[in-house]
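As they're listed, the protein sequences go chains A and B.
The first sequence runs 0 to 412 under numbering that gives the first Met the number 0.
The second sequence runs 0 to 412 under numbering that gives the first Met the number 0.
The hints are simulated quantities; they were obtained by calculation from the structure and are not laboratory data.
Even for Gly, the Cβ is constructed at its ideal location relative to N, Cα and C.
Errors might be hidden in some of the hints.
[Claimed, not checked] Cβ-Cβ distance ranges computed for the label pairs, FRET-style:
id, chain 1, residue 1, chain 2, residue 2, range
1, A, T53, B, T266, 55 to 61 Å
2, A, S112, B, I193, 29 to 35 Å
3, A, H166, B, E204, 37 to 43 Å
4, B, E200, A, P127, 30 to 36 Å
5, A, N376, B, I125, 49 to 55 Å
6, B, E204, A, D73, 15 to 21 Å
[Stated by the list, open to error] Reference listing, derived: stretches of chain B covered by chain A, where coverage requires no fewer than 3 residues with Cβ under 8 Å from a Cβ of chain A:
id, region
7, 227-239
8, 320-329
9, 389-399
2 protein chains.
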Amino acid sequence: MMRVALINTGTELLLGDVHDAHLAFIAREIFPLGLRIGERRTVPDGEAIRSALTDLFLRCEILFVTGGLGPTSDDVTRDIVADLLGLELQRDSELLASLKDRLKERRIRWTSSIARQADVPAGAQILPNKSGSASGLYLKPNINPQIASPHIFVLPGPSRELQPMVHVSVMPILHSIVQTRAGIERRLYKIVGIGESTVEELIGEKVLAIPGIELGYCARPGEVDVRIVGESDALTRADAVIKNALGLSIFSVSDETLEELIVKLLTKRNATLAISESCTGGLLAHRITNVPGASNVCVAGYVCYANEAKINMLDVDPDLIAKHGAVSELVARMMADGARGHARSTYAVATTGIAGPTGDSPDKPVGTVYIALASSNETTAKKLFFPSDRETFKQLTAQAAFDLLRRKLIEDQ
Amino acid sequence: MMRVALINTGTELLLGDVHDAHLAFIAREIFPLGLRIGERRTVPDGEAIRSALTDLFLRCEILFVTGGLGPTSDDVTRDIVADLLGLELQRDSELLASLKDRLKERRIRWTSSIARQADVPAGAQILPNKSGSASGLYLKPNINPQIASPHIFVLPGPSRELQPMVHVSVMPILHSIVQTRAGIERRLYKIVGIGESTVEELIGEKVLAIPGIELGYCARPGEVDVRIVGESDALTRADAVIKNALGLSIFSVSDETLEELIVKLLTKRNATLAISESCTGGLLAHRITNVPGASNVCVAGYVCYANEAKINMLDVDPDLIAKHGAVSELVARMMADGARGHARSTYAVATTGIAGPTGDSPDKPVGTVYIALASSNETTAKKLFFPSDRETFKQLTAQAAFDLLRRKLIEDQ
Numbered sequence: 000m001m002r003v004a005l006i007n008t009g010t011e012l013l014l015g016d017v018h019d020a021h022l023a024f025i026a027r028e029i030f031p032l033g034l035r036i037g038e039r040r041t042v043p044d045g046e047a048i049r050s051a052l053t054d055l056f057l058r059c060e061i062l063f064v065t066g067g068l069g070p071t072s073d074d075v076t077r078d079i080v081a082d083l084l085g086l087e088l089q090r091d092s093e094l095l096a097s098l099k100d101r102l103k104e105r106r107i108r109w110t111s112s113i114a115r116q117a118d119v120p121a122g123a124q125i126l127p128n129k130s131g132s133a134s135g136l137y138l139k140p141n142i143n144p145q146i147a148s149p150h151i152f153v154l155p156g157p158s159r160e161l162q163p164m165v166h167v168s169v170m171p172i173l174h175s176i177v178q179t180r181a182g183i184e185r186r187l188y189k190i191v192g193i194g195e196s197t198v199e200e201l202i203g204e205k206v207l208a209i210p211g212i213e214l215g216y217c218a219r220p221g222e223v224d225v226r227i228v229g230e231s232d233a234l235t236r237a238d239a240v241i242k243n244a245l246g247l248s249i250f251s252v253s254d255e256t257l258e259e260l261i262v263k264l265l266t267k268r269n270a271t272l273a274i275s276e277s278c279t280g281g282l283l284a285h286r287i288t289n290v291p292g293a294s295n296v297c298v299a300g301y302v303c304y305a306n307e308a309k310i311n312m313l314d315v316d317p318d319l320i321a322k323h324g325a326v327s328e329l330v331a332r333m334m335a336d337g338a339r340g341h342a343r344s345t346y347a348v349a350t351t352g353i354a355g356p357t358g359d360s361p362d363k364p365v366g367t368v369y370i371a372l373a374s375s376n377e378t379t380a381k382k383l384f385f386p387s388d389r390e391t392f393k394q395l396t397a398q399a400a401f402d403l404l405r406r407k408l409i410e411d412q
Numbered sequence: 000m001m002r003v004a005l006i007n008t009g010t011e012l013l014l015g016d017v018h019d020a021h022l023a024f025i026a027r028e029i030f031p032l033g034l035r036i037g038e039r040r041t042v043p044d045g046e047a048i049r050s051a052l053t054d055l056f057l058r059c060e061i062l063f064v065t066g067g068l069g070p071t072s073d074d075v076t077r078d079i080v081a082d083l084l085g086l087e088l089q090r091d092s093e094l095l096a097s098l099k100d101r102l103k104e105r106r107i108r109w110t111s112s113i114a115r116q117a118d119v120p121a122g123a124q125i126l127p128n129k130s131g132s133a134s135g136l137y138l139k140p141n142i143n144p145q146i147a148s149p150h151i152f153v154l155p156g157p158s159r160e161l162q163p164m165v166h167v168s169v170m171p172i173l174h175s176i177v178q179t180r181a182g183i184e185r186r187l188y189k190i191v192g193i194g195e196s197t198v199e200e201l202i203g204e205k206v207l208a209i210p211g212i213e214l215g216y217c218a219r220p221g222e223v224d225v226r227i228v229g230e231s232d233a234l235t236r237a238d239a240v241i242k243n244a245l246g247l248s249i250f251s252v253s254d255e256t257l258e259e260l261i262v263k264l265l266t267k268r269n270a271t272l273a274i275s276e277s278c279t280g281g282l283l284a285h286r287i288t289n290v291p292g293a294s295n296v297c298v299a300g301y302v303c304y305a306n307e308a309k310i311n312m313l314d315v316d317p318d319l320i321a322k323h324g325a326v327s328e329l330v331a332r333m334m335a336d337g338a339r340g341h342a343r344s345t346y347a348v349a350t351t352g353i354a355g356p357t358g359d360s361p362d363k364p365v366g367t368v369y370i371a372l373a374s375s376n377e378t379t380a381k382k383l384f385f386p387s388d389r390e391t392f393k394q395l396t397a398q399a400a401f402d403l404l405r406r407k408l409i410e411d412q
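So here's chain A without its partners, still in its complex pose (with noise of 0.2 Å):
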């Protein structure tokens, strides 16, 4: 397998301010080709890339280089990638005729150090830019044939700028050099209810006995991600022993999330979804409606934190709060009919817990939660145990409350 890395550089991504998006964005994109980046290095602007590319020159067959070439003096990619490669930069009559049109039509000032951008290593090709002024430049194998160096795409660092660029020019080049290895596939299986080390137990040594495959976990609150990569013939052996030891706790095998899948099969069903929430203050409709198209199925949600809320919101008996407390299966019931009820909702879930640092008791810890479920024929609840901070405990709940619902709309189907 050709072995790729990736240079990000800008003293910004180092500071914290800004959010690099292009391993994730070029990960992705070359994905299909086969290709992995095998490694990422972060540098600032200035003379740190000189030692990050002398390093991965000799490790690496592909090489993609973001960022530093703009007009500024901090910008000297370009420089050092010549400098390293003994290739002297010759300034591109063409390029330097469509900068200065380019800084015309937009009325910004023509100064000296915009020339820079037109300058090109000899024998480099130019990838165009068309969202911005720094064009692109792709470097052969061993360009300088007395120095030995990788495939080297040199890009843009404004993701809106690199992320066409990447798809118009980049990726016809990369066809033809990788030559598709034909076969290598990658699925994704995306897991509820069951955590990382009892994912694994359940299906790491059987699929990692099937020759050629290779297995990795990812675990967020409430949910495992397990992606497995491999040729067809073994994928599909690998498919059959996960989708046997974990079912249904499979709730996607593809990037969608559960809110995404809820929505989806609420849509599906034609039917409509009320949320009342106590413990997950509001959670549980925010996931929702990240959703586009939740406005459709998700007709209502009640913020019920306080007892009166709960009372005058969705008509939980006080009497009942008053022997049971707020947190127990009897509430979580009448919030989840009460939400049905009041919003003519085809389902209704409702979240009642103890989040802390406070609230608890003896009987009750931090940590403890009841989740409810409301349909036509039935109202079903569930106690689970949560303790952990506030905000991992109202994941939890979410999870657990989404996945109730899950369940349910696939057995109603």
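Assemble the complex: chain A is given as a structure, and chain B must be docked to it using the hints.
Frame of chain A, contents of chain B only:
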């Protein structure tokens, strides 16, 4: 200045599946100590971490390593660090017991692979993890006298585990390492309601004209952080310039969030809040309820995406919706008034807007939003325009609504 490097491990990062937030987080945390990350490397799970560590041992005085501390087979950071430094891994019985307790408490089944998380390289300091099972490690320089090595902090991959560990355990160690440069201080200003370039225009030149001041900006949706670093006298002068230019737009000079400030102000005034959200879909309630103690002041939240919900939950007049549209100043006002009336709260905020990608019209393009605030003496509303993606739109609207409330709370003092 001490050189700092960061290694992020995780195949999921290089595949583009997970967005890495550690660089930005750590960079901001260590900034006040006068430390900056000089280089960051991202490497896949497994043996690749070895060469990155070897390289960087000699190129920095402080090294952070994130990820690869979990219980699964691809979590090998602990082993490789121990191996490279020639340190024996010793199973820590106290850690093992607390791991077992943790799992028992959470009713997660014990698997033998979890025990690896209790392995500690001889002589390393354990950094407790309050939010997960993977402890962090601190290894002092040249911990094995025969091998040159920097200060090494080995931290867990998930942000919700890494971030509290940095606050609680890493920063105190760094403080003692760095012996804060005498007289150099840092101030932070959190600004809402104006953009980064406007902030820079208002203060940039004047602040940088003060000798010995370092100035930095950091922008998030609807919020700009301004950082100044310098000696006490210079800071006092810069502080006056900034406060004079930005005035009430500065909502905090500490690390508190806008929602923390609002809960604090409401609590202080013995006031309560109701929230009614159309386009923000629960985000306001979610953010407020992330603050411990929110349950005492945030009495009710209404998520009323659908017109029927606005009518049923908040008594918005259906004729007015028909005449003016759900996204209108009048409807925003009625939502705020309705929420305040139903919840019998001191204040109520409301949002209604077009998050997109659909739902727009020629006179109300995607990004149009109205926010309203009801109180005992008046109801005010504001039209804003945030053309952006759905999630950014929600964040910008939430910031604007919180800011409207904040200014009212200051006024009502």
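Checked hints:
1. A:T53 to B:T266: 55 to 61 Å: Holds - the Cβ-Cβ distance for T53 (chain A) and T266 (chain B), about 58 Å, lies within 55 to 61 Å.
2. A:S112 to B:I193: 29 to 35 Å: Check passed, 30 Å falls within 29 to 35 Å.
3. A:H166 to B:E204: 37 to 43 Å: 39 Å, holds
4. B:E200 to A:P127: 30 to 36 Å: Distance hint for E200 (chain B), P127 (chain A) holds at roughly 33 Å.
5. A:N376 to B:I125: 49 to 55 Å: 52 Å, holds
6. B:E204 to A:D73: 15 to 21 Å: The hint (15 to 21 Å, Cβ to Cβ) holds, given that E204 (chain B) and D73 (chain A) are roughly 20 Å apart.
7. 227-239: This one is violated; 0 residues, fewer than the three required, reach chain A with a Cβ under 8 Å.
8. 320-329: With 0 residues closer than 8 Å to chain A, the region 320-329 of chain B misses the three-residue bar; violated.
9. 389-399: n = 3 at 8 Å, threshold three: holds.
Against the hints set out earlier in the document, violations occur for numbers 7 and 8.
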